[in-house]
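Let's have the full structure, built from the sequences with the hints guiding it.
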Amino acid sequence: ETGVTQSPTHLIKTRGQQVTLRCSSQSGHNTVSWYQQALGQGPQFIFQYYREEENGRGNFPPRFSGLQFPNYSSELNVNALELDDSALYLCASSLEGTGTDTQYFGPGTRLTVL
Amino acid sequence: SQKIEQNSEALNIQEGKTATLTCNYTNYSPAYLQWYRQDPGRGPVFLLLIRENEKEKRKERLKVTFDTTLKQSLFHITASQPADSATYLCALARTALIFGKGTTLSVSS
Chain A
1 ETGVTQSPTH
11 LIKTRGQQVT
21 LRCSSQSGHN
31 TVSWYQQALG
41 QGPQFIFQYY
51 REEENGRGNF
61 PPRFSGLQFP
71 NYSSELNVNA
81 LELDDSALYL
91 CASSLEGTGT
101 DTQYFGPGTR
111 LTVL
Chain B
1 SQKIEQNSEA
11 LNIQEGKTAT
21 LTCNYTNYSP
31 AYLQWYRQDP
41 GRGPVFLLLI
51 RENEKEKRKE
61 RLKVTFDTTL
71 KQSLFHITAS
81 QPADSATYLC
91 ALARTALIFG
101 KGTTLSVSS
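Sequences listed follow chains A and B, in order.
Those letters in the first sequence? Residues 1 to 114, by the numbering used here.
Those letters in the second sequence? Residues 1 to 109, by the numbering used here.
Quick caveat, the hints were computed from the structure, so don't treat them as lab data.
These numbers were taken from a predicted model, which means no experiment stands behind them.
C-beta atoms are modelled at their ideal positions from N, C-alpha and C, and glycine is treated no differently.
Check the hints yourself; a few may be wrong.
[Stated by the list, open to error] With a straight-line cut-off of 20 Å between C-alpha atoms, the simulated DMTMM-like cross-links for lysine to aspartate or glutamate are:
{"no.": "1", "chain 1": "B", "residue 1": "101", "chain 2": "A", "residue 2": "84"}
{"no.": "2", "chain 1": "B", "residue 1": "63", "chain 2": "B", "residue 2": "15"}
{"no.": "3", "chain 1": "B", "residue 1": "3", "chain 2": "B", "residue 2": "15"}
{"no.": "4", "chain 1": "A", "residue 1": "13", "chain 2": "A", "residue 2": "84"}
{"no.": "5", "chain 1": "B", "residue 1": "101", "chain 2": "A", "residue 2": "85"}
{"no.": "6", "chain 1": "B", "residue 1": "101", "chain 2": "B", "residue 2": "9"}
[Stated by the list, open to error] The following label-pair restraints were derived from C-beta to C-beta distances:
{"no.": "7", "chain 1": "A", "residue 1": "102", "chain 2": "B", "residue 2": "56", "range": "15 to 25 Å"}
{"no.": "8", "chain 1": "B", "residue 1": "12", "chain 2": "A", "residue 2": "10", "range": "26 to 36 Å"}
{"no.": "9", "chain 1": "B", "residue 1": "7", "chain 2": "A", "residue 2": "38", "range": "17 to 27 Å"}
{"no.": "10", "chain 1": "A", "residue 1": "27", "chain 2": "B", "residue 2": "79", "range": "28 to 38 Å"}
{"no.": "11", "chain 1": "A", "residue 1": "27", "chain 2": "B", "residue 2": "67", "range": "35 to 45 Å"}
{"no.": "12", "chain 1": "A", "residue 1": "65", "chain 2": "B", "residue 2": "67", "range": "32 to 42 Å"}
{"no.": "13", "chain 1": "A", "residue 1": "60", "chain 2": "B", "residue 2": "7", "range": "19 to 29 Å"}
{"no.": "14", "chain 1": "B", "residue 1": "22", "chain 2": "A", "residue 2": "27", "range": "20 to 30 Å"}
{"no.": "15", "chain 1": "A", "residue 1": "73", "chain 2": "B", "residue 2": "79", "range": "36 to 46 Å"}
{"no.": "16", "chain 1": "B", "residue 1": "16", "chain 2": "A", "residue 2": "10", "range": "21 to 31 Å"}
{"no.": "17", "chain 1": "B", "residue 1": "24", "chain 2": "A", "residue 2": "70", "range": "40 to 50 Å"}
{"no.": "18", "chain 1": "B", "residue 1": "56", "chain 2": "A", "residue 2": "38", "range": "26 to 36 Å"}
Here you go:
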């Protein structure tokens, strides 16, 4: 059973650029959630995808968008990067995305916006 | 909106003692609450889930309690070890997780 993987590990961008982060779910999981974790804070929910459809969204602007593919891997896209977007971006997969589901997190992508 | 607070940012204890971490929540009555461990530069790892109708849950040296009247969960690590040093996060469980800021536990030998 393979775990959740994310790429790239680190990324440096400048303000105004666009970025795409990628996530491969754990085998057998059809739900992917994305979180943003600023330094010293807990992860904040961005959005969730269940079977390729968005299934919930946190308090993030529309320039944060995502996709889930038929193999249940996922992308997070951020347009018009701002300095405050610098954070660790975590992807988590789960079976059904319900409250009792264990979420399995990837190692994260560290994004730095200069 | 829902708010979840872990009222200690850092907790320092000696090896062998019991660590107790607190999680309080407001404006919501979760059916479930989850606890995760996060090591520096890594993603959180699931530890325990407790349901609103469960007062207590145990797993090896870990114990979680859930008091829906006080709107509080307590997380205990008994016989703590230096390897337990990490940040511990509690989360309200709905479709997604609403996390607290975490408590960083340091266990010294």
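Okay, the hints, checked on the actual structure:
no. : hint                      : in the structure
1   : B:101 to A:84             : holds, 17 Å
2   : B:63 to B:15              : holds, 17 Å
3   : B:3 to B:15               : violated, 32 Å
4   : A:13 to A:84              : holds, 12 Å
5   : B:101 to A:85             : holds, 18 Å
6   : B:101 to B:9              : holds, 8 Å
7   : A:102 to B:56: 15 to 25 Å : holds, 19 Å
8   : B:12 to A:10: 26 to 36 Å  : holds, 31 Å
9   : B:7 to A:38: 17 to 27 Å   : holds, 19 Å
10  : A:27 to B:79: 28 to 38 Å  : holds, 35 Å
11  : A:27 to B:67: 35 to 45 Å  : holds, 37 Å
12  : A:65 to B:67: 32 to 42 Å  : holds, 40 Å
13  : A:60 to B:7: 19 to 29 Å   : holds, 26 Å
14  : B:22 to A:27: 20 to 30 Å  : violated, 36 Å
15  : A:73 to B:79: 36 to 46 Å  : holds, 41 Å
16  : B:16 to A:10: 21 to 31 Å  : violated, 38 Å
17  : B:24 to A:70: 40 to 50 Å  : holds, 42 Å
18  : B:56 to A:38: 26 to 36 Å  : holds, 33 Å
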